[in-house]
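**Q** Residue numbers (our numbering), protein chains in the order written: chain A, 49 to 300; chain B, 235 to 521.
The set of hints was computed from the structure by calculation and includes no laboratory data.
Each residue gets a CB set at the ideal place from its N, CA and C atoms; glycine is no exception.
It is possible that some hints are incorrect.
Claimed, not checked - Now the stretches of chain A that chain B is said to cover, found in silico as 3 or more residues with beta-carbon under 8 angstroms: (1) 110-120; (2) 124-130; (3) 144-156.
What the hints assert, rightly or not - Pair by pair, the computed Cβ-Cβ distance ranges are: (4) B:A380 x A:D101: 28 to 34 angstroms; (5) A:E194 x B:I239: 56 to 62 angstroms; (6) B:L367 x A:R152: 44 to 50 angstroms; (7) B:E363 x A:G179: 52 to 58 angstroms; (8) A:R148 x B:G337: 39 to 45 angstroms.
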Amino acid sequence: MSAAVVVDGLRVAFGARLVLEDVSFSLPSGTFVGILGPNGAGKTTLLRALLGDVAIEGRVDLERPIAYVPQLTEVQAAFPIDALGVVLMGCYPRLGWWRRPSRRERDHARALLERVGLADRARSTFDELSGGQRQRVLLARALAQEGSVVLLDEPLSGIDVRSREVMLEVIGEQAREGATVLMTTHDLAEAARVCDRMLVLNRVLVAQGATEEIFTEDVLRRAYGAGALVLEGRTAVLDDPHHHHGHGHGHG
Amino acid sequence: MEWLIDPWTSGIMRRAFAEAILMGTVAGGLGCFVLLRGLAFLGESVAHTLIFGVVVAFLLGGPVALGAVGAAALTVALSSVLAADRRFSVDVSMGVLLPTFFGLGVTLIALTEGYQTRLEDTLFGAILEVTDLDLALAGAVTLLVAVTLACAGKELVLATFDRPMARAMGYRLGLLDLLLFAVVTLAAVVALRAVGNVLLTAMLLGPALSARLLTRTFWPMVATAAGLGAFAGIAGLYWSWSTNVGGGAAIVLVVAALFACVAGGHAVTSGVRRRSPAPVAEAGLGH
Numbered sequence: 049m050s051a052a053v054v055v056d057g058l059r060v061a062f063g064a065r066l067v068l069e070d071v072s073f074s075l076p077s078g079t080f081v082g083i084l085g086p087n088g089a090g091k092t093t094l095l096r097a098l099l100g101d102v103a104i105e106g107r108v109d110l111e112r113p114i115a116y117v118p119q120l121t122e123v124q125a126a127f128p129i130d131a132l133g134v135v136l137m138g139c140y141p142r143l144g145w146w147r148r149p150s151r152r153e154r155d156h157a158r159a160l161l162e163r164v165g166l167a168d169r170a171r172s173t174f175d176e177l178s179g180g181q182r183q184r185v186l187l188a189r190a191l192a193q194e195g196s197v198v199l200l201d202e203p204l205s206g207i208d209v210r211s212r213e214v215m216l217e218v219i220g221e222q223a224r225e226g227a228t229v230l231m232t233t234h235d236l237a238e239a240a241r242v243c244d245r246m247l248v249l250n251r252v253l254v255a256q257g258a259t260e261e262i263f264t265e266d267v268l269r270r271a272y273g274a275g276a277l278v279l280e281g282r283t284a285v286l287d288d289p290h291h292h293h294g295h296g297h298g299h300g
Numbered sequence: 235m236e237w238l239i240d241p242w243t244s245g246i247m248r249r250a251f252a253e254a255i256l257m258g259t260v261a262g263g264l265g266c267f268v269l270l271r272g273l274a275f276l277g278e279s280v281a282h283t284l285i286f287g288v289v290v291a292f293l294l295g296g297p298v299a300l301g302a303v304g305a306a307a308l309t310v311a312l313s314s315v316l317a318a319d320r321r322f323s324v325d326v327s328m329g330v331l332l333p334t335f336f337g338l339g340v341t342l343i344a345l346t347e348g349y350q351t352r353l354e355d356t357l358f359g360a361i362l363e364v365t366d367l368d369l370a371l372a373g374a375v376t377l378l379v380a381v382t383l384a385c386a387g388k389e390l391v392l393a394t395f396d397r398p399m400a401r402a403m404g405y406r407l408g409l410l411d412l413l414l415f416a417v418v419t420l421a422a423v424v425a426l427r428a429v430g431n432v433l434l435t436a437m438l439l440g441p442a443l444s445a446r447l448l449t450r451t452f453w454p455m456v457a458t459a460a461g462l463g464a465f466a467g468i469a470g471l472y473w474s475w476s477t478n479v480g481g482g483a484a485i486v487l488v489v490a491a492l493f494a495c496v497a498g499g500h501a502v503t504s505g506v507r508r509r510s511p512a513p514v515a516e517a518g519l520g521h
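Chain B extracted, bound-state conformation:
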């Protein structure tokens, strides 16, 4: 059992575990909205916009995480200005803004000497270098996401399931979209630290995809995805500790392995179901 306790003796690893659990929970849970709204593109482009903030923070000598939050806030604010015009949907305006920020970020990187190693951290994460500020940020984002889902969760579901109805009931879809994009962007800031820009989409979509196969309705799906995300965070770090694989990559590979298992199991059981005379789908109603 020593291998189980061993990593927790290190302060660096304890911090990494905390970050991975918070990040896995938040990204996994919100990933369900990202998946069902077809916003995979959003996760990807949010990751790109954050680079701009990270580079600016580096140039100013401030904390990287705050730079990312600043870039996120600026994007969400600007896209809400654009989306006030009914001809632009929020995701279209995000689609315009995010590559612009990415371009700015890349240009700044090219002009900045000594940034190369930091860039690698941004691309693949640096979960072993998590600071107290990073952890505080991850905790605050987790709390904010929980409050958002508690207050507006059912409205966000309505706006995903049936947009004409949500509009007819007087909900302002633009604002609901913005709220969702804002929390997804914040989750991306947290995930950026843990798994980096390139692997972030896997963190948003992987647990959600597995959970979709394991559950029948939305909130159980969110809980399952959050749990799978947190589990992948823990398991990935154990793997990383024992083999020296990079933390972010290990976590994402656990996510992928979990999905492979769930999808494989699902294919087998649904194959059995199709061949059995009585439809099992009916029997599984009272879950």
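Chain A with its partners taken away, still in its complex shape:
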């Protein structure tokens, strides 16, 4: 099986601050990967390294095109643009500099909005939408990028239950259709439910592998330290990852 993403000896430093070190992994096509780790572990930096947006040492090789969903907080929500306009941005690189989206791209963008359950909000401006709806619009835009690799930065943070369900369903579908999906998240339980593989980061790669191998108390404690205890109390999933994992597969 050919690898869709290969990272070998990745090291990222911002000035004197070492953010990522000695990170190596490779991922086959069609996997749904959760990137876990405490705040400041380098999750977002890993995505930026994959995007080629930060100076790195080591090797990063991934299939193109890359689709991307940035953190919602990075987007200027007050900008006057409607949901359809945001989704259409996904096809800009294919269009080139002077061409505007045609009827075909518009129809496609509408279909993608429908896929994330927002067919009736195409003409709503971005700031009229709820946080969850905004996140779904950004996901529809990533779908318009038609990426072989899909990178999502905290797509589940602070959104409503319905949006979360729609997001995970559509992202899972992407992976089953052959895209390699990497998603950073703070939500261990959700990650355990839906992801095939996990990368656990804390400046170095603490662990990687299939979800059921990774989702052990030992590994999480190495990544999160004392924080894992709190999480353990809150999420029963630590005791029985297999059940939830199975549920994740049956879901789609």
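Since the structure of chain A is already known, use the hints to place chain B on it.
**A** Leaving out everything else, chain B in the frame of chain A:
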């Protein structure tokens, strides 16, 4: 109807109208980017840097407008050199360069005898003294801005709305910023002639603010702001013609009056909206 036709019989006024319309269109349209990128500071400081070029042109006996273009080109070129270092963003390097040029300009003015009246022109504009060269420059800048927006408009919007995405798609944000700053600076050169250094920011931001309240999405906002800018140019000149108020000041006051009307109307209608049982915002979708 005589008052409507009267000003157009004068060659000076015809030139002034042409300048005001071009300047209002360009400054109004680009002002939308300035407003939404939070670059009000840029407009202000660009106006200051141009003084340097204007004074140099005066000393060399060349056309003032070309001096301003030269200063603008020099600033943009130098700031692109500075911004090549990732630690400086383009607006920070502009923020360093522009006051420097302003300081140079002021120093040169102090050393130059007989500049005082010209300084007033630079501060408040001299739209009745517009030359053919000024008009040609305004026309060229308008064309250049139109071509820029046609070729890179959607990319500039992306870089404003969602910078991480623009970077991820491989666009070079530094270059896009520079392109935007370059056209805003050129628009400032044109506006400098019409309304002057002090009133330039009002010309960039006023129509854009009104348009923001009148429209829901970006390109209609740009078209509206350009239209309002041009209208303010025409109306301001009529006012100036009939009352002897300075042209630049009259144009800017029309801009302000338009904004007051739009903002007032907006406050009233949104107040009504809040009190009505069904949200009107939903009904207005298909504009």
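**Q** For every hint, state whether the structure bears it out.
**A** Okay, the hints, checked on the actual structure:
no., hint, result
1, 110-120, "holds (count 4)"
2, 124-130, "holds (count 5)"
3, 144-156, "holds (count 3)"
4, B:A380 x A:D101: 28 to 34 angstroms, "holds, 32 angstroms"
5, A:E194 x B:I239: 56 to 62 angstroms, "holds, 59 angstroms"
6, B:L367 x A:R152: 44 to 50 angstroms, "holds, 46 angstroms"
7, B:E363 x A:G179: 52 to 58 angstroms, "holds, 54 angstroms"
8, A:R148 x B:G337: 39 to 45 angstroms, "holds, 44 angstroms"
Every hint, counting from the list given before, is met by this structure.
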